[in-house]
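J.: Protein chains in written order, with the numbering used here: chain B, 306 to 517; chain G, 306 to 517; chain L, 306 to 517; chain F, 306 to 517; chain W, 306 to 517; chain A, 306 to 517.
It should be emphasised that the hints constitute simulated quantities derived from the structure, not laboratory data. Among the clues, some could well be false.
Each pair may be met inside one copy or between any two copies, as identical chains are not told apart.
Claimed, not checked - Computed list of lysine to any residue pairs in SDA-like fashion (alpha-carbon distance at most 25 Å, straight line):
1) K349 with E369
2) K337 with D385
3) K337 with T476
4) K353 with L391
5) K353 with H366
6) K349 with D372
7) K337 with D475
There are 6 protein chains.
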Amino acid sequence: MPQNKTNSQAQTRQPAQQNPVTALDLPIPAHKDLPEPVAQYFSKCQEKLGLVPNVLSAYSHNLEQLDAFSRLYNELMFGDSGLSTLEREMIAVVVSAHNRCFYCLSAHGAAVRQYSGNPLLGEQLVMNYRVADISARQRAMLDFAQRLTAQPETIEETDRQLLRAQGFSDTEIWDIASLTGFYNMTNRLAGAVEMQPNPEYHASYRSADEPA
Amino acid sequence: MPQNKTNSQAQTRQPAQQNPVTALDLPIPAHKDLPEPVAQYFSKCQEKLGLVPNVLSAYSHNLEQLDAFSRLYNELMFGDSGLSTLEREMIAVVVSAHNRCFYCLSAHGAAVRQYSGNPLLGEQLVMNYRVADISARQRAMLDFAQRLTAQPETIEETDRQLLRAQGFSDTEIWDIASLTGFYNMTNRLAGAVEMQPNPEYHASYRSADEPA
Amino acid sequence: MPQNKTNSQAQTRQPAQQNPVTALDLPIPAHKDLPEPVAQYFSKCQEKLGLVPNVLSAYSHNLEQLDAFSRLYNELMFGDSGLSTLEREMIAVVVSAHNRCFYCLSAHGAAVRQYSGNPLLGEQLVMNYRVADISARQRAMLDFAQRLTAQPETIEETDRQLLRAQGFSDTEIWDIASLTGFYNMTNRLAGAVEMQPNPEYHASYRSADEPA
Amino acid sequence: MPQNKTNSQAQTRQPAQQNPVTALDLPIPAHKDLPEPVAQYFSKCQEKLGLVPNVLSAYSHNLEQLDAFSRLYNELMFGDSGLSTLEREMIAVVVSAHNRCFYCLSAHGAAVRQYSGNPLLGEQLVMNYRVADISARQRAMLDFAQRLTAQPETIEETDRQLLRAQGFSDTEIWDIASLTGFYNMTNRLAGAVEMQPNPEYHASYRSADEPA
Amino acid sequence: MPQNKTNSQAQTRQPAQQNPVTALDLPIPAHKDLPEPVAQYFSKCQEKLGLVPNVLSAYSHNLEQLDAFSRLYNELMFGDSGLSTLEREMIAVVVSAHNRCFYCLSAHGAAVRQYSGNPLLGEQLVMNYRVADISARQRAMLDFAQRLTAQPETIEETDRQLLRAQGFSDTEIWDIASLTGFYNMTNRLAGAVEMQPNPEYHASYRSADEPA
Amino acid sequence: MPQNKTNSQAQTRQPAQQNPVTALDLPIPAHKDLPEPVAQYFSKCQEKLGLVPNVLSAYSHNLEQLDAFSRLYNELMFGDSGLSTLEREMIAVVVSAHNRCFYCLSAHGAAVRQYSGNPLLGEQLVMNYRVADISARQRAMLDFAQRLTAQPETIEETDRQLLRAQGFSDTEIWDIASLTGFYNMTNRLAGAVEMQPNPEYHASYRSADEPA
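Just chain B, with the same shape it has in the complex:
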């Protein structure tokens, strides 16, 4: 993150007003003050993504929460599952669109554009997933995520049967539910603290030629 590049020793806490990642005044440590494993994790993000996602910077004021959150995030998004990475990102965007979460739509909209190589798809999921040209399987998955987000009290066996009819196994249904839940969590945290997405997200993967 840029704000870390010029931090002098005397300014180890990020000034709240300058490039704030949230609207809260949190004791976010400077990069150099992060414990080694966290610093390594952040460096790895920088390397692979070209940025440290602001959600991680924000969580870093509480290293225990950062650790637990990151583990769950990585497990759900990159762990073993019958759902492809793109499908997991699609769920992230559809849930975040319902909740109108600026941070998550920016970050995961970019990820859908990246993983699909289809910038239009990213736009469609942000705006109204019902217009997207996707498979019946993916549509059923997103309908379930949408309903579980908007009316969680109404999910019943018939809803699960619609997923099974599209070939989803019961462990995959669990994963769809877990991911839907996860983004209902992050949407609320990001919204509550006005988390700012890294500016790099907005322009990235806007062209189908851009290497993913």
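Put chains G, L, F, W and A on the given structure of chain B with help from the hints.
T.: Below, chains G, L, F, W and A without anything else, positioned relative to chain B:
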């Protein structure tokens, strides 16, 4: 999933139909097949709570998710915070009441009855938190959790100011947001898979005399 | 009502601040000042239920309304009908859950626990009736009550046909509609005046062994 | 039901298809088969209103319910209260407009036109009460009725204070709440059974010159 | 409109307080100051309708907008289409009922009463179109208009198929959508500026005998 | 539209399946078959925008509607008004975001990026306008547009006063209301027929350096 790869005995998987903890057919391992640290964690639950919460049994079909979920849960509910354990449980119940989550209302309703020593308070938060006789600080906290749950897209600085006016610090506001997000996650997972609360919850802590 | 037992002659009106049954300052007469038939009705309640429901005490500031309300209540809940008393109480709870009425959920949640001998059922109807293990007939009845409560403008012949398909006669459909309407009335009156349920309700019939 | 037990002639039940007052096939007795007090009540309606309101005909399949309903209706609409008859009818229309109840809007819309001598007022309350040119007191009363109808779970002391600030006493607040509740009941019963308003309502009191 | 008849030269702008057609202080020209084509259009309205609809007077503060609006209005309501004029007016009322637009319900409710010769139908569409005794074709048309008004993001091929199944062509579906859109526009403009319907609407066409 | 250029005489109607602009089978004329003024208008669009907006192609199956719609569109978006072109586009996006209209969000999101030279602003208005860093005046304007879109029945004098307090004149309030209404119209038409935005919109004006 890895944990199943070494399952050898035909009887080690919990029969789906008998005392099912969810409506999904998940490869939930028998207690004796759990890896040692998980078995220890479950035994500790049994000891301290008199039961292994069904949410943990359900998650145990995926030990990586179980681990990440448990860490986040324990950090948010029992980690360092300016919020008391009762206040964290109060948020759990109010969020779950909005989402009408049977599992979470049963488990955390019992926890509110337990930690408060006030069975009536638990009932009120389940039914309509606005009728509860609580402090202005707690009411502001619950109003924020309610609004963040129902209309996450509308939270702004004025909402955070209402919390600061009641003495909440910015890290405590983060914690309120994190907890609200967390139960919006678990409500959706539990609802999606029809997770069954342990039957012990319903009758427990119904009398003010019952030792917490 | 117990609080009236020690009222001295000079204090025939219940003090508004002490054990108030509503948030309004209403001229609620002391028990000894009630007209004979009302006093007898209240005594009968005390005998049979162990309490005089606070809704009756509240209404007693207007004896004509009390009389009319009680007649309608008793006719709908205990009059001739193809619906069992438990089924009528189930409707009461489901309607009150939608409207989040603390008074009615407390009183009728207890009644469902009592009449069913199934404490879990009472909890489920309070929290989310969709998770309850009930007959298809009862589920159709509660779905109708729920829809009529939440979207009264949308009920049409198809909705009534769903009830007939479960064996409900047209007079029973009338009764389901009447009961649903009735609790939509009481929920609003109780909510508007912050009516307090008698404290006895909360702990009662929490165990399946408790005699109904 | 008891009233049918003594029905002797095959023709005394109103044919369901001809001029049906509801979509249900109910054993509505012919006028000549009504018990004397009911027949007198209906005759009095005919005399004073020029019609027997269909809601009474519909209820007459169950004479006990008819009696209890009529008592409550008459007490709330014509009993002692600080609210004028017009104000009570205004509440009826505003509640029924929210619930889009054809029967109640027809009957009570006509009553508002009649009692106010202002046909425009009746139309406005049916369409959107916020456009009506009424006193601040009446507006506060209708805002309370609207909120209690649409979001009963949110009413609190501040809402009651808004009424007190307009001069409403606590017993009048009770009456506003009772009336709001009552029409939330009748709207649901009428909607559930597709109750047909007497055709006379629609054209009546459309001109300010028409004698009330 | 009466206010224009006696306007002296010095008072070419309508006084905002006297017979205002909106709650805005707009530079509405006096009739004599209108450009010739507009004056002719208004005179034609007066002749044919017995009034100049207030929406036109209101728009006349901006003659370009008035011209464009009138053209679109006339094209949609009176241009070539497979929809009858009555059907177009029915859509107007159903959309306006959802949006609770006093102006449009008054004007188009009268039009439905006029074109149908059925005063009851006008009332029903204002109150709850689901109770109207209309053809399956018209019901499908109104269901589409209702859903497109209330949940525009959910319309999909299945919705269009329901219209085609009732015999609507694709250009007629376009017209239904255009009309539904148009009244969603006018409802919002009229509501935003508190546009007053011409008083003549309310009493007109209340009797089936009244010549249309 | 390019695809029409090579249409032979026999194929003057655009095949519905190939590059369809809507989900309807409409008799959209080939460019060469358009009347001269329309052809000129389309050519001017092509020249200035690099494309003919699909909404115009879609409307061209009905040239009278096309003409009226275009006039109103051009008057509202480019006519005399105290609102800047950017502000008018901001309203378009905020209304379309509420209604989740894929077509309008694509076209007008691009326009906000273009006119503001601020790609981030376009994204924010699409996702959740409340996070945008805009003036208090613009925020008030968008809050009004949002409320008028979501709850048109609730707009009252206090809402207009909030606009006047930000310096908006009454004619500007009219324009805000007109624009809000207009996009509530187009959102519904576009949604109803599944109108496809021109693909050029999605990638355009994504960088602040791109010339507007």
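J.: Which hint numbers doesn't this structure obey?
T.: The structure breaks none of the hints.
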